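J.: Read off the chains here:
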Amino acid sequence: MTENRHEKLGLSDEQVLDMYRTMLLARRIDERMWLLNRAGKIPFVISCQGQEAAQVGAAFALDRNKDYALPYYRDMGVVLAFGMTAKELMLSGFAKAEDPNSGGRQMPGHFGQKKNRIVTGSSPVTTQVPHAVGIALAGKMEEKDFVSLVTFGEGSSNQGDFHEGANFAGVHKLPVIFMVENNKYAISVPVSKQLACEKVSDRAQGYGMPGITVDGNDPLAVYEAVKQAADRGRQGEGPSLIEAVSYRLTAHSSDDDDRTYREKEEVEAARQEDSIHTFSAYLRELGILTEEKEQEMQDEIMKLVNEATDYAENAAYAEPETIFNYVYAE
Amino acid sequence: MAQMTMIQAITDALRTELKNDENVLVYGEDVGKNGGVFRATEGLQDEFGEDRVFDTPLAESGIGGISIGLALQGFRPVPEIQFFGFVYEAMDAINGQMARMRYRSGGTKAQPITIRSPFGGGVHTPELHADSLEGLIAQQPGMKVVIPSSPYDAKGLLISSIRDNDPVVFLEHMKLYRSFREEVPEEEYTIDLGKAEVKREGADVTLVAYGAMVHSSLKAAEELEKNGVSAEVIDLRTVMPIDMDTILESVKKTNRVVVVQEAQRQAGVAAHIIAEIQERAILHLEAPVLRVTAPDTVYAFSQAEEVWLPNYNDIIERVNQVVNF
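For the protein sequence lines, the chains are F and Z, in the order given. Residue numbers 1 to 330, in my numbering, belong to the letters of the first sequence in order. Residue numbers 331 to 655, in my numbering, belong to the letters of the second sequence in order.
Keep in mind that a hint or two might mislead.
[As the list claims (entries may be wrong)] Selected chain Z positions facing chain F (Cβ under 10 Å, derived; list incomplete): (1) Gly426; (2) Gly436; (3) Arg508; (4) Lys556; (5) Ser560; (6) Pro618.
Bear in mind the hints are in silico, worked out from the structure with no lab data behind them. Note that the structure is predicted; figures quoted are calculated from it, not measured. Glycine residues also receive a C-beta, built at the ideal position from the N, C-alpha and C atoms.
Here chain Z stands alone, though its shape is the one from the complex (with noise of 0.2 Å):
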């Protein structure tokens, strides 16, 4: 076992790949000879050659074309988006081709494709550079997402996310890139793509969290633990599809939930959950289910961004409304 941050186990599990499967192509811009801007591929290119490992132009829609008639042929391509927010250029690509392919040539074509892409708040970079915008895949049938909240999860879900035969957004929040190290370990391991984790057991409030959120959530019940309150922690994993029976099972048994999520109230994934709440589990619910999110504005800039990201006041603040209601 290694100690690894996240973005460490993230080269692992791509080096993991390469090595198991010589169709895993990976590629991008300055994932080559730079090893990815975030240093996600570094030495990959040395390691693997520059057939398989290989800097794009600068062209978000071809990356997600040409990847689209690579995995036509049989191959794996794990292509990265240097930020998310520069996805848009390759929306069509993602949510109106690779997405449909399989539906469209009627079963005969598959898409396996893991496009892996950083994004998420609390590193002072400006919009685009880190906007969640997993609900814009999310909603698109067709497609995965997932979004890891530590480095174990990041490398046993990367892998099963490029073993996957169709298409997979896989987010790596950059606030958790190097913000700590645990165990993972050096051997390969898959995670099932979704299946959501109970962090933390708890009995009065289940908190619904995923990506950097997790931490937060936590973080919040480790304090309402202080005064008497106690919160269980799922963590998703996976947004796309969502596990509802973890949900589900924990709502029966603490009757009062909180949905967290870094992206804006419009945007994101916890309407959806709390529309799946009330209407598959409403006779266990002893309270409304309330979310916490960002404002409906576009992302903040520097100064604003502490006080317009989700943190884990907000979340004790709603805990505290749900339980008290």
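For reference, chain F alone in the conformation it holds in the complex (with noise of 0.2 Å):
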């Protein structure tokens, strides 16, 4: 008998449904991406696959009404939690003027978006972990309650800017939720190349805060422990620094050939634990979902990604006359 684990932590059977329902609609968007991509329509992907269930269960331990978030480039999965739609990440994947993100000035995965409160980041990695202290200090000083969640790979822990916004966070108590989707390659460099430490985690005691490692295939785990560290910002008590473990199914990028550094065993083994299957396998276990609803729920999506498709492929490219638009003030 399956343990009924969301209820205990106050979600919902239609919030959990909802949570695999943004799973799995990444997912699809994702792999629309790689065919499109495969097939020449767009020049780039670099995917969420295998790291949704992290991605969705913090997102929706916030209060995406006020939170903000400043995603990295897998994060497909928080900017949909957000509010982010598939028509919009469908227009960014064609660089298309219309794109909420940039209209097409930046590569896909830069997420941005205002009115989401979706702050875009820059190509070098970890460049927006500095932003979202900066905006959890303002966020402090005018005495607004949010919080900010910044997600990054395990990679970029070693960059300067991650430990210099931790320590600034951690010296001012700020409300900064420091997710690590730990996906155990940075492009071909395993983990244990890239860390001294046993875990990322291990990081936060330098910077006056607690860290802990969950398993970043369990959507309920993640949101577990995102939920505990957005209180604690809530609460004047400052920063959490997790990481969730889990591995990235594709390729680095649509430029990538991961067959040159890893094996396809270990992909293969990866797989068997895809949380898009384990979270469906506990949702159903609990007669939550039936096959008959998840069918739904995929055509639904299928629809969706679809209409995003046809509709970003037939939107205009921004006008040549444009670029000199936005360098500065008008």
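Build the complex from these two chains, which are given one at a time in their own frames, with help from the hints.
T.: This is how it looks when you write it as structure tokens:
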């Protein structure tokens, strides 16, 4: 008998179904983007596959009407949960003028949308970390009770910006949630070659904040950890570091061939733990999700993805004359 | 009116804007309790509190990145980089991030940040404490670069920079901090960014300069006058954007130009100005446009500093070359 874990966390059946639906939507959009890339229709894909549980679990633990998200390039699950739509993501994939992220000015995966409090990062990794700290400092000064969630890969935890940002947040007890999505590879470099410590969460100690490692394939475990961190932040107790461990199921990007640096068996083994399947199984075992319901959900998502693809493919590119726009204030 | 040094005028401008706008924040390494290593922020923490004037950890990249977050939330950060040579640690935050936020966000996000920083030679500080790195920032679309040459300009330009809705690097020449005083109004005033000032009118040659080189150019102009050469001196005040209109107007009058910068020949903005002049006013020129710069080496050690830095004699020599061409 499967234990109902979400009820204990205060999550309704509807909410966990919504979590699953968001994870699945992210996966299907991502898969479509790969197809479009291989068909020569979009230039680049950088994937969320394997990390949807951590992304969606974290986002659902926040107040998505006031908290801030500073995602990294894999966080499709985070931005979908924060209100970005399939159509908007597809516009970004096609680099069309209507793309709310940047109007096609940045690469896909550089998520930003003012109305949903999603803050765009830069291409060198980890720039978003001190931005999140600055936003949290602003919130503290203005006595607002939002928290900022900043996510990044385990590779980013080696960058100076991570350490500078974490230290500043620790010194000023700022409401920042640092969430590392440890997918075990920084492009081709495995964790064993990246970290001198055993876990990324070990790094929290140096910055005066709690650090924990959770199963990144379990959206409920991530939800619980982020919820606690958000409560701490709102109560003025300062930042937290959460390491969500999962696996990158695709190559680094559409321009990468991962067969040169990892074994097929390793990837296959990781697929057995894919959260899309394990969370679906959990929901079915509890009778919340039936085969019929899941099919309905799949159909509805595919319809969304198809519509988004068609719309984005037919949307206009930015006019070349607009290169002069937005360089300085008009 | 009060007699102020440039550093006093800068403190006065910071105080003015901290008072005017509660979103203005002043921070950096040692700027709080200590009042800054050059005392630019002296007394400001006592007056405005630790929330608005504060010390940061020693981490320039973090200072840059945190500024971006604060600006996204509607604050007007005025961070200090303790010496501008330390800006390399924050270059990505500046040229890679804040300069591009407006563009990347399709115009939905602004970065009203003013980064203040001391720079410049002649005070026996070694390289990275004295380098003229304005060219690095001036080359980045999205950034503005302001370099005052006097206490009066420093106050008006700093207030304008803080009120500007784009990121500004505001460079304060260390040699000018306390080298002279002048009348500075106690009330607030602004000086438009992107507007040069004709510091001295002349008929025979135009000297284009900024920062400390404005004073070397004025001194050269005085000497030249004794020999019957009338030099016009333009103080750029802003090196990005550059006020080409004022320069071209002067070129059309004098037909001869020498551009003066403290930076090395391969750095700074002189090459760019000369290219613009030859593209836009070549038929008005009676001689090639020359420049006075430091040589292309790493900033000189103290003992060689006075030889390495351009001075008014170098300017006179160049002027004589263009006048006698």
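J.: Against the earlier hints, flag every one the structure doesn't satisfy and list their numbers going up.
T.: Of the numbered hints, 3, 4, 5 and 6 do not hold.
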